[in-house]
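With the sequences and hints as input, model every part of the structure.
Listed here are the chains, written in short residue letters.
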Amino acid sequence: MRFEFASAPSPDGRSLPVLPEIPNGPIVWIEGRNGIGKSLSVRLLDLASGGAPYASDPEAWRSLRSGTGVITIRASNGEEIAFRLDPEGWVDEPTRQAWDRLGSATIGGEPATRNQIRERLRVVRIAGEEGLARAIGSQFADLATEVDKLADRLGPGAEAADTSLDALLRLLEHAASDRAESAAADLADAERALEGAVVALDPASHRLSVVDRAIHAADSLEALTSRGPELTAQIEAATQELHEAHRRREEAVAELAATAASRPGSGVTKELERIEKLVARREKAADRAALEVTQLAGAARVEPSDQHVEEARAQIVRDLEIETARRGELARVDAVRAFLTRLLRLLEEAEDLDARAIVLEVSGQPITREVLQDAAQARRSVLDQTDIAQEVDATDERLRELVEQREALEAVATALTKLAHTRDMVRGALAQLDLLESGLAGAKGRFRVAREQLDAAVQDAERLTLKKQEAERALAALAEGFTEQELRDLIAAVETPIAELVSARDNLRQQVSDLGRARDDALRVVDACRLAAAEAQEEQDQSRETLASEPEWAWFRSAVGVGDWSAGWTDRVRSAVTQAREAVNATSRNVKGIADALRDVSAHVSDARALLGETPISQAVIAACEERVRIEFMSEAIRTALFHGAAVESVDLRNPSVSWKEDGLRVTRPFSAFSSGEQAFAYIRARIEQVRKRADEHLLLVLDEFSAFIAGDRRRLLNRLLNERIQAGAISQVVLIVPLSQDYVAAAAQAGDDASPVLARRAADVDRVGYFAEQAPS
Amino acid sequence: MVPQRVRDPPGSSVNSANNSQTSDVDAFLEAVRVAPGPAQRSVDIARQLVSEPTEAVLAALVKYEFELRDD
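First to last, the protein sequences are chains A and B.
My numbering applies: residue 228 is where the first sequence begins, and numbers increase by one.
My numbering applies: residue 12 is where the second sequence begins, and numbers increase by one.
Hints were generated in silico from the structure; no laboratory data involved.
C-beta atoms are modelled at their ideal positions from N, C-alpha and C, and glycine is treated no differently.
Among the clues, some could well be false.
[Claimed, not checked] The following label-pair restraints were derived from C-beta to C-beta distances:
1. B/Arg52 to A/Arg397: 22 to 28 Å
2. A/Gly840 to B/Arg52: 33 to 39 Å
3. B/Arg52 to A/Ala781: 21 to 27 Å
4. A/Glu951 to B/Arg52: 41 to 47 Å
5. A/Val996 to B/Arg52: 52 to 58 Å
6. B/Arg52 to A/Glu779: 23 to 29 Å
7. A/Gln764 to B/Arg52: 34 to 40 Å
8. B/Arg52 to A/Pro338: 37 to 43 Å
9. A/Gly358 to B/Arg52: 45 to 51 Å
10. B/Arg52 to A/Ser242: 19 to 25 Å
Pasting the structure below:
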């Protein structure tokens, strides 16, 4: 599998170096300068693929978190796995960093889960610079991370279990008999207390009322003696005034009756209605007459007024005279012509008459025959030229028109006269109406005055009645309904001197008040207890029903069966559930405790930090760790290398040391004593032999900073071991990381053209990226 | 950047991708379990709660405690 790395600067410009590439190959040798990111790249790959390389190195984790921007890693082996790590969302504690929050991962371009990544790629890093103690300690840190993950997976289930058991316990508490029984007992106690309070209160209340009555009787007696006569006088005065008020009322009633008699009754109302109808009818008639005048005046083409009509009539009369005269003249024309013709014939026949002979005198003026003949002739000529018939027709036509117009005017005049008459009738009816209404108003006024007088008299009577009643009540109140002797008897009944009655009452009042409060309190307590008892009973019934029938509690029924809810059975169940809940909560605590203890042991073994206070859990963890290391030490390679083949008897992690028998003697050595190269190598070899991959994962074994193990035979042994493990299918790929063993750039420069291809390539790579990567020889 | 949250497909085992590490942890927890102390029960219950339905675990727990108190 080939790996490529790239890192981007953080927002504030910081970045960390990473290797651009780890090539594919069964055993890849990487030799490079310090500080180019060899170990960092491997740790990042381990982190991205689901490991916890920083579990035991929180400082390095925080430095990484704050020192870089986004980092991308690609792993390709036919299928490409890609990672994008973004420190932006990382937490402060490396063991609490969720893989989901590291960034993102894809397989073949599709988003992938941690499990899917882990199925394909796993990184195991063995650091060569680690001593025995640190190597052992780091295992425990890795285990702590895995146990933390178990605790995280456990969380939801444990919480759900706790919630369910808590709910069950509450139901059981309500279902238990003791609550309802206790509530019933409380109710009985409260009722008894209430009864006691009532029994104590009643006689005191009675005594108080007796004393009160006696005091009131004494007061009444005194009041009766002192104020009675005054009230009696008030009553008498009020009675007299009331009598006077009644008399005034009677007078007002009589006056009212008299005015009511003269008040217009229903007959006046009817008359009023009749006149109103008459007015309406006459107004309608007036409207019709006005309309007729308008229509006739329109037809006669004259203004609808008397003056205009009269003027028009006068004009027509004049026109008629003229036309009549003219007609007369026209009627005489034939006769005149006939006369003139006869005259001219006569004149013509009178040939022997001198032309200058005088034939007649007109107004003393002599007229000759010639003149007469000429005049007659002229006149007859004129008459002959005149179309008399046409003129007669025209004159007759005009005469007829004038007559029609005169008749139309006559009609208008008649209509005007009728209209005037009709309006006079309307005015007359309105006058009647006004007269009637003014008469009514006067009668109403007199009636109102009489009514007001009656009301005043009635109010006076009522007020005086009340006043009299008040005085009578006051007088009665003085005695409070008792006679004087009865009052004296009431006072005697308390058998206490009158002078001591008030103080006795005060004491009794206080007593009654206290007892009353006590009774009220007891009553409230009874109410509360009754309610509580009812609620407890209902809760009990409901809770039992729920547990007996609800599907949610089927598991509970399967565990304990159906019970009789006796006290014994209920207690047993409640205790069992309580203990089960404690066991669940203890599980969460203890799993976390196991992780904490592992971290504690890791820090103690790796860095010599003091162990925290021991608990039963931490003791169990230490024991398990010790046994684990003991078994690890029992591998043949390690026994041979470290213990001369002896069997390891025990491992002590509190004082990190191992014990075995040599020549029958028990030998104990601290881990730090196993620092020789041979011993460390043997341990490393054993660890390599322990690494085993699953069939389908790509297990990348990284041997980091292994310079101590590459000298001489160790390198050969190591190579052989690695090849054996690869061929056995236990490991997919190995990457060996070592520092530069020489200055390849200088060596290549010195060799110049004689530099071997290998040297030249190595020098070029070191010069370019600070390292070179090659396939290690098999 | 929004971190991706991708769910495993239904039916996939929570532990399937971590068999070797899970077996290592299991072996260790087993070692812790057998050591004297309260760890045994806690380890047993923890294993049950991550692998079995909660109700089944509770039924077994309550039944155990209930029978323990049988007079």
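Okay, the hints, checked on the actual structure:
The given range of 22 to 28 Å is respected by B/Arg52 and A/Arg397, whose C-beta atoms sit roughly 25 Å from each other. The hinted range of 33 to 39 Å is not satisfied by A/Gly840 and B/Arg52, whose Cβ atoms lie roughly 22 Å apart. For the pair B/Arg52 and A/Ala781, the supplied restraint of 21 to 27 Å holds, since their beta-carbon distance comes to about 25 Å. Between A/Glu951 and B/Arg52 the beta carbons are some 43 Å apart, a value that agrees with the proposed interval 41 to 47 Å.
At roughly 56 Å, the beta carbons of A/Val996 and B/Arg52 sit within the given window of 52 to 58 Å. Distance hint check for B/Arg52 and A/Glu779: the Cβ-Cβ separation is about 26 Å, which falls inside the suggested range of 23 to 29 Å. For the hinted restraint 34 to 40 Å between A/Gln764 and B/Arg52, the CB-CB distance of approximately 39 Å keeps it satisfied. Look at B/Arg52 against A/Pro338: about 40 Å separates their beta carbons, and that is inside 37 to 43 Å.
A/Gly358 and B/Arg52 have their C-beta atoms about 37 Å apart, which leaves the hinted 45 to 51 Å range violated. Separated by about 50 Å at the C-beta atoms, B/Arg52 and A/Ser242 break the suggested range of 19 to 25 Å.
Checked against the numbered hints listed earlier, the structure breaks hints 2, 9 and 10; every other hint is satisfied.
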